[in-house]
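*Asks:* If you want the building blocks of each chain, they are given just below.
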Amino acid sequence: MKSPLQSAIKNLWLSKWSTLMAIVSIGVCFFIVTAVLIGLYNLDIFSKKLSSKATIVIYIKNEIPETEIYQFINKLKETGFFTKIQYVSKEDALKEMQNIIEPSMIELIGYNPLSNTVEAFIKDEKIEKTEEITQSIKKSNFVEDVYYPSKIIYALKTLKITLWNLGIIIFCFLSLAILFIIYATVKNHYWKKTEEIEILKLLGATPSYIRYPFITEGGILGLLGSLLATVSIIIIYFFLHSKNVIEFLPAITQLVFPFEILYIIPSIGLLLGVVSSFVALGKIKYQ
Amino acid sequence: MISFLGVYKYYDSTPVLKNISFKIEKGELIFITGPSGAGKTTLLRLIFGSERPDEGEIKVGDFELSKIRQSEIPYLRRFVTFVFQDFRLRQDLTVYENVALPLFILGQKKDIKQKVYDTLKNIGLRHRADSLVRALSGGEQQRVAIARAVITNPRIILADEPTGNLDPDTSKEVMTLFRNVNAMGCTVVIATHNPELFQNTPYRVIHLKEGKFLK
Chain A
1 MKSPLQSAIK NLWLSKWSTL MAIVSIGVCF FIVTAVLIGL YNLDIFSKKL SSKATIVIYI
61 KNEIPETEIY QFINKLKETG FFTKIQYVSK EDALKEMQNI IEPSMIELIG YNPLSNTVEA
121 FIKDEKIEKT EEITQSIKKS NFVEDVYYPS KIIYALKTLK ITLWNLGIII FCFLSLAILF
181 IIYATVKNHY WKKTEEIEIL KLLGATPSYI RYPFITEGGI LGLLGSLLAT VSIIIIYFFL
241 HSKNVIEFLP AITQLVFPFE ILYIIPSIGL LLGVVSSFVA LGKIKYQ
Chain B
1 MISFLGVYKY YDSTPVLKNI SFKIEKGELI FITGPSGAGK TTLLRLIFGS ERPDEGEIKV
61 GDFELSKIRQ SEIPYLRRFV TFVFQDFRLR QDLTVYENVA LPLFILGQKK DIKQKVYDTL
121 KNIGLRHRAD SLVRALSGGE QQRVAIARAV ITNPRIILAD EPTGNLDPDT SKEVMTLFRN
181 VNAMGCTVVI ATHNPELFQN TPYRVIHLKE GKFLK
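Here the protein sequences come in this chain order: A and B.
All the letters of the first sequence, read from the start, carry residue numbers 1 to 287 under the numbering used here.
All the letters of the second sequence, read from the start, carry residue numbers 1 to 215 under the numbering used here.
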């Protein structure tokens, strides 16, 4: 007599072509889901990197003496919103400007038109509060004006939210497709065994005894499909990082591969397999 | 062991059993007889938990069948086993595997081989242990079905026309097996329309006609 695992493997083997089709279909769905997740993961990293480069530039009023500017900087530091704050005096700014613009042009103006500025780098976790921080800085008596790249940050935020929503929709849709494939395959195998199951019921088999082989079957389908996708993704990753591809697309090395997917995706596959086969069997009724 | 009290059963508002009350004691062998459509099979199906009474009470051991939950039925079927006219054997399995099946369902792991071989020896089929069931004659298949029904030592065995598909000689052999099982203390309830099985026997007979007791 066979164990639930042996029975499940035997059932899957007996209808090997439908099993293969199911595994490949599940694999394709998982491949797309995994690719989307890796894409979103990289977008997240990219947006964080970009955000961390966004700086608030604070223009200080001309009449404010340097000692008070340093006091103002200390106050900013105390807020805990910034990773780094640096003071650029109008003289330093002018020197920098002379490297860009012809010095004779500046001499023509006859005075230093620049302001003392403070550059504040916002912490990653506070990036969402940029607008709020800027407004509070603007209220200070020392401040002439504040500049920050609001459009870039806003656009990035919108892009991130849109792509995450899209990713979630794709994930949900394909997860449903996976559930349906496993559901249909297991249900089909269950119907083929109706007579055997009726005999088991007559002999006093409990619902869990009847379910075990089919739930194992669903688990195997989900696991194999997800492993197929994971292996394909790994192969593609190593292909993209091969010498020939890097020569053409050097930016590809920036792509981060979250190795956690090596166990997360198969675990999701196993879980979806078990859940959908459980649903496929429904309530075991005795007559 | 089994008690019926004012039991009614309807199919599509047509009464199949009407006000049935009786008791079967522990260790009894009893025949339920009557023409086709008299309600014999329904009566057995009620005892087996395949049907529920529409009115009245049925008690089998500690099981209250009028209130039994679906989750309790597997346990009832370990207490009461059934031998069918059409055997209900797994045709793709061997004799040994068919007889061992209830033990696997019970989760037993020890002495399975010994128990199955002993049971097959008792019914005279030890030599056919490795044969596929579909290769056996009707009489042999019925004996396998009886072996499968007794291997877990149930308290009650129900048999619905167990000799319906068998010739007279094989029928006698099957009835001898039931008598042997009963002699070991098991309650046996046999539904049959064949009077030869119970004539000139000391066993109690319940006659049914159109869903009612005749005597």
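Read the hints as simulated data drawn from the structure, not as lab findings.
Don't take every hint at face value.
[To be verified] Residues from chain B that face chain A, not an exhaustive set, calculated with beta carbons under 7 Å: (1) ARG78; (2) PRO102; (3) GLN108.
Glycine included, C-beta positions come from ideal geometry on N, C-alpha and C.
*Asks:* May I ask which of the numbered hints given earlier this structure violates, with the numbers listed in increasing order?
*Replies:* 3
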